[in-house]
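Read off the chains here:
2 protein chains.
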Amino acid sequence: MAIIFKELLKDSKSRARLGELETPHGKVETPIFMPVGTQATVKTMTPEEVKEMGGRLILSNTYHLYLRPGHQLVRKAGGLHRFMNWDGPILTDSGGFQVFSLGPLRKIEEDGVRFRSHIDGSEHYFSPERAVEIQEALGADIIMAFDECAPYPCTREYAVKALERTTRWAGRCKKAHGREEQALFGIIQGGTFRDLREISASQLLELDFPGYGIGGLSVGEPKELMYEMLDYTVPLILEEKPRYLMGVGSPDCLLEGVARGVDMFDCVLPTRIARNGTVFTHTGKLVVRNAAYAEDFTPLDPECDCYTCRNFSRAYVRHLIKANEVLGIRLTTIHNLRFIIRLMENVRRTIKEGTFLEYKEKFLSRFNSD
Amino acid sequence: MAIIFKELLKDSKSRARLGELETPHGKVETPIFMPVGTQATVKTMTPEEVKEMGGRLILSNTYHLYLRPGHQLVRKAGGLHRFMNWDGPILTDSGGFQVFSLGPLRKIEEDGVRFRSHIDGSEHYFSPERAVEIQEALGADIIMAFDECAPYPCTREYAVKALERTTRWAGRCKKAHGREEQALFGIIQGGTFRDLREISASQLLELDFPGYGIGGLSVGEPKELMYEMLDYTVPLILEEKPRYLMGVGSPDCLLEGVARGVDMFDCVLPTRIARNGTVFTHTGKLVVRNAAYAEDFTPLDPECDCYTCRNFSRAYVRHLIKANEVLGIRLTTIHNLRFIIRLMENVRRTIKEGTFLEYKEKFLSRFNSD
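Taken in order, these protein sequences are the chains called A and B. First residue of the first sequence: 1290, per our numbering; consecutive thereafter. First residue of the second sequence: 1290, per our numbering; consecutive thereafter.
Treat the hints as calculated values from the structure; they're not laboratory data. It is possible that part of the hints are untrue.
Since copy identity is lost for identical chains, a pair holds within one copy or between any two.
Claimed, not checked - Result set (DSS-like, lysine-lysine): computed pairs, CA atoms no more than 30 Å apart in a straight line: (1) LYS1611 with LYS1340; (2) LYS1365 with LYS1611; (3) LYS1396 with LYS1611; (4) LYS1316 with LYS1299; (5) LYS1611 with LYS1574; (6) LYS1396 with LYS1530; (7) LYS1302 with LYS1651; (8) LYS1365 with LYS1574; (9) LYS1641 with LYS1512; (10) LYS1299 with LYS1340; (11) LYS1295 with LYS1340.
Bear in mind the structure is a predicted one, so any value in this text is a computation, not a measurement.
If we strip away everything but chain A, and leave its shape as in the complex, we get (with noise of 0.2 Å):
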């Protein structure tokens, strides 16, 4: 068995759950944030800055790798972890969410998608088959199974469509899977349909999968539609399966994502804000670029235990970004990461301590005072 999770802890006021995720490259806690390495590189970081700031389980990306550097180049380098000398668990996602974002670059068949690369324009081609060759090439600790992700807002009809693929796809996926090491899951789809929800879980709960990815979902549709989905599909997987939502990182999603059930979590956000100079703080984002923070020589967030808030400023992080200094993006990454994985942490010591409803609430009151 590639992964074994376990469920450790129920929360008696929501459906949040501790848990623990055992995989070939170590334990890890759930409920979990995993950065994002788009490239095999989380985002300005090195692999040891992103463990001392809590970092245990990385998300690298099938698409990206495959054009760039080439998954057998990465094979060829004894793998994912070892190219990048990251040494805990990754999960690589499937390709599927990137190719269907490419819009007119690609062209959906029943064997699979025709895509054009968005570095230069080069034509390939991904099917269920092809996405599972890939990952194995990677070697990542947990795969994705190749899926079609509708996108916000669509008819029924199409997420119809999707999902039925999707189900097709995963069967294809679940047969040409053979690294046994590596945890093949499942994705549910069915857009912001509740049936349709039901029928693609029951559907890929029917094949089995040691995990699944709720996807479809952080694509464009309001929040609330975004958790009542999340109140249908949740209970309908077993409880013994970790579910992950895919694409969510923002502090309240997470929050009521983990309320919901949700045990695994990724998303850009954290970096991709940082990098153009908006922080988290406990009372709210803030735009350390602003003129305001100019003369502020206090911490990005006077409650934050990081790296960048025990020794520099606002007024210095500001300067930085303003200078287009590589320094500033690093420090604004490594406070967004720690904020968010520090929010994980605090979400799984109050489940265990049976305080969790009462922490987000707490902590969301102030984070939207703004």
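For this one, chain A is given, so just place chain B on it according to the hints.
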């Protein structure tokens, strides 16, 4: 006294010497290479990283900090050390070199230089008094007199005018300088004219600065001519004064400079070429961007002890650089700076052991073999 310099040991076969420079922020051994932190950050690096690789004394830039974030802001932050969280010694240049490099954007007068900002075109004025005032606000341990750096090539007439003005400005800097805990260095000019170097040195020595920069070299002249100028100029400076060759940082020039009695060096070269994907190795420079290294899983330099070489391959570094990932230029910067800092460690060790010239020849025969 702001700094105390001691010559500890003379090499018997060259002008190389081992020294110790005591500053308000600690002692450093010489000969030393100073990493450049133009905008209050050694590009891409944290202060801890610079320290870990053996960086002890760093240089920052008056012109750049004056324009952005402004010296008054740095003063309010508690000075440059505190602003950038560097507790070791700092040297600031006077801004003279940058202002003169602006070409058509500046106008030299006897009182000072009128110039336009390279950032927004706004008009500014630097005089010797102003350069000292700004450097006092920044608060470095060693500050430099405001000088006129003649270009190469230039006429004898131009070089005479520039050196005479440099002397007058040096006197004004000395008069304006009030912060006793800062050491103000004079800068010797004179272009590539032996007798003018002698005149400049004797005039500046009369002003009795605690240390001397050798300016106007490494501005495009052939290396042999620079070495010749050092042969003439260094012996003119009293033994008890540290000698600082400005803007020099290639391995061969560092070794030749040390052999001619230079104690201090700075240069953007190691960090600048790093950002273009070029790295030093013991057998010469290597352009790791090149396709030849796509599947090369060996370190940048197998003989190097830096973080990059201990943990990552040429193939990975190349991938990061090709993919425009910040970690790529971080890793090449770490490598190049460590390469130069280690070179200087070996220089000091071999001066102690009496084998400096042998070390130099052996190093250069391999480094220049390509």
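Status of the hints after comparison with the structure:
no.	hint	result
1	LYS1611 with LYS1340	both (28 Å within a copy, 25 Å between copies)
2	LYS1365 with LYS1611	between (41 Å within a copy, 19 Å between copies)
3	LYS1396 with LYS1611	between (41 Å within a copy, 28 Å between copies)
4	LYS1316 with LYS1299	within (19 Å within a copy, 58 Å between copies)
5	LYS1611 with LYS1574	within (18 Å within a copy, 32 Å between copies)
6	LYS1396 with LYS1530	neither (33 Å within a copy, 73 Å between copies)
7	LYS1302 with LYS1651	within (15 Å within a copy, 73 Å between copies)
8	LYS1365 with LYS1574	between (42 Å within a copy, 26 Å between copies)
9	LYS1641 with LYS1512	within (27 Å within a copy, 68 Å between copies)
10	LYS1299 with LYS1340	within (27 Å within a copy, 47 Å between copies)
11	LYS1295 with LYS1340	within (23 Å within a copy, 44 Å between copies)
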